[in-house]
Amino acid sequence: MTLLSVQNLRVTFETENGPVEAVRGVSFSLGRERLGIVGESGSGKTMTGRALLRLIRPPGRIEADAMIFDGQDLMQASERQMRGLRGRRIAMVMQDPKFSLNPVMTVGAQLTEGLRQRDRLGWDDARKRALAALEAVQIRDADRVMAAYPHELSGGMGQRVMIAMMLIPEPDLLIADEPTSALDVTVQAEVLSILDGLVRDRGMGLIFISHDLRLVARFCDRVLVMYKGRVVEELAAADLMAARHPYTRGLLNCLPRIGGARGPLPGLDRSGDWAE
Amino acid sequence: MSLIEVENLTVTFRANGRVVRAVEGVSLSVTAKESYGLVGESGSGKSTILRAICGLAPVSGGAIRIGGKTIPTPRGRAFARQVQMVFQDPYASLHPRHTIDRTLSEPLAIHGIGDSDARVMGALDDVGLPRNFRFRYPHQLSGGQRQRVAIARALMLEPGILLLDEPTSALDASVQAEVLNLLNRLRDERGLTFLMVSHDLAVIDHMCDRVLVMQNGRAVEELSREDLSGARMKTAYARSLFDASADRMLGDLEGTPA
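Residue numbers (the numbering used here), protein chains in the order written: chain X, 1 to 276; chain F, 1 to 258.
What the hints contain is simulated information worked out from the structure, not anything from laboratory work.
Remember, it's a predicted structure, so these values are computed and weren't measured experimentally.
Note that the Cβ used here is the ideal one computed from N, Cα and C, for glycine as well.
Hints may be right or wrong, so weigh each one.
[What the hints assert, rightly or not] No farther apart than 20 angstroms at their CA atoms in a straight line, the calculated lysine to any residue pairs in the SDA-like style are these:
hint : chain 1 : residue 1 : chain 2 : residue 2
1    : X       : LYS98     : F       : GLU41
2    : X       : LYS228    : F       : GLY144
3    : F       : LYS33     : X       : ARG262
4    : X       : LYS98     : F       : SER169
5    : F       : LYS33     : X       : GLY18
6    : X       : LYS98     : F       : TYR91
7    : X       : LYS98     : F       : GLN88
8    : F       : LYS33     : X       : GLY263
9    : X       : LYS228    : F       : GLU41
10   : X       : LYS98     : F       : SER42
11   : X       : LYS228    : F       : LEU141
12   : F       : LYS33     : F       : ARG190
13   : X       : LYS98     : F       : ALA170
14   : X       : LYS98     : F       : ARG190
15   : X       : LYS98     : F       : GLY43
16   : F       : LYS234    : X       : THR186
17   : X       : LYS98     : F       : ALA92
[To be verified] On the chain X side, residues computed to face chain F include the following (Cβ under 8 angstroms):
hint : residue
18   : GLU40
19   : SER41
20   : ALA147
21   : ALA148
22   : THR186
23   : HIS211
24   : PRO246
25   : LEU251
26   : ILE258
27   : LEU265
[Claimed, not checked] Residues from chain X shown here face chain F by an in silico Cβ test under 7 angstroms; the list is partial:
hint : residue
28   : ASP184
29   : VAL185
30   : ALA189
31   : CYS254
32   : LEU255
33   : PRO256
34   : ARG257
35   : GLY259
36   : PRO264
37   : LEU268
Looking at chain X on its own, in the form it has when it is part of the complex:
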């Protein structure tokens, strides 16, 4: 079953030196599965994620032949309809908890704000739901975290709070933009298993944006590899080691490996036609 289908998505920014295309004709479809989007800085992976929620401000422009979410064309939707979808049906976890949580509100206030405004819950019910959400992401002393300000939390804790916040409305699609890149490897594994459980138990669709090919290979069902705004290769995560595209191969080869050779690491050859 297709949850989201995107045809020929383009994101363009007008600059002094003419238009810059950050995303150049990306097409993909997503069921209730884990789709990874990998690429280096500037490959357009974050812009693709934001464009799905139409979260790009002018002078940025989003164009697509079609962007259908659960039968509704997001390109035709009014701003009012989009507001109804954002958070409730499609949620996005941003990269850095330091910049994405409100620094002058306690975690509890931020978690309950949506519940009270959107779902018209009372204080007590909102608080109960928020505590349950924090427990769902394996935060043990949820009461303390509710009363804390974002700067009093560690990176891993902040990241989990953001995931909890996005999961309260039980969205059908979660877009996670580098949700673990600020975390230590051991905490990373924990956050990934939380996301994994949600995909399995709730049948949620997940778009996992990352620069780390190894992580995506391990965690996702399918992988899109992006370079300069285009999808250069799409493949099942299990076949990643058999990737044929020179860019994907280059990305895999330039990573050091434990017990690998000590000689110079191979660089990334960007001389092919695909690098245009």
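Please build the complex by placing chain F on the supplied structure of chain X, with the hints as guidance.
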């Protein structure tokens, strides 16, 4: 004989009446021309050890010796000629309003070294940057290019020891490969000694001869490169780091039938 000796180093900070023990009783020794790694999670105190050596964090107990001599406080010019540091974030560690030329020639001016023109050009050549980058500002460079400038700056005084604090964690994989290759080449050419911090075991394994695993400000286990790649660690914590390493995920993947 070891070049860098850290003995029972303790670093404590006082914040709001609370005492934070960032490093507690850590000892290590690095021989000349060796590359030594420190690995651990955030808050394990690995960067604090480098900062304590440089005089950027207070030494509350223990001793730091370089070449057998206890290092002076404040560190002074002779120390700067011997030991230099490359920081994690090349976006934050270069002065935004100084040109590359000014960044590179400042240490020469402070130490009264002449011939700065030729030295700056030579430094740019060494780290593989075009000479016409000389009068650019940091914001006109990419992350990898900035890190090259930071490495060139650290090498201006021709120190024997480089302290590397996560030098590639802010960079893309392909750029990381270029910077690691550059560091290894410079180490070979100049006989440098590296003390390197990273949270990525694969990077440490590629760069270092020995590695110290740290947790909560304490040393957990020292491993040789062979022990690390052969998974011969004795403590549970070192093993959990090894198992969680992203590099291992790829290894597992290769083992599964496609």
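For each hint given before, does the structure comply? Return the numbers of the non-compliant ones in rising order. 5, 9, 14, 20, 21 and 24
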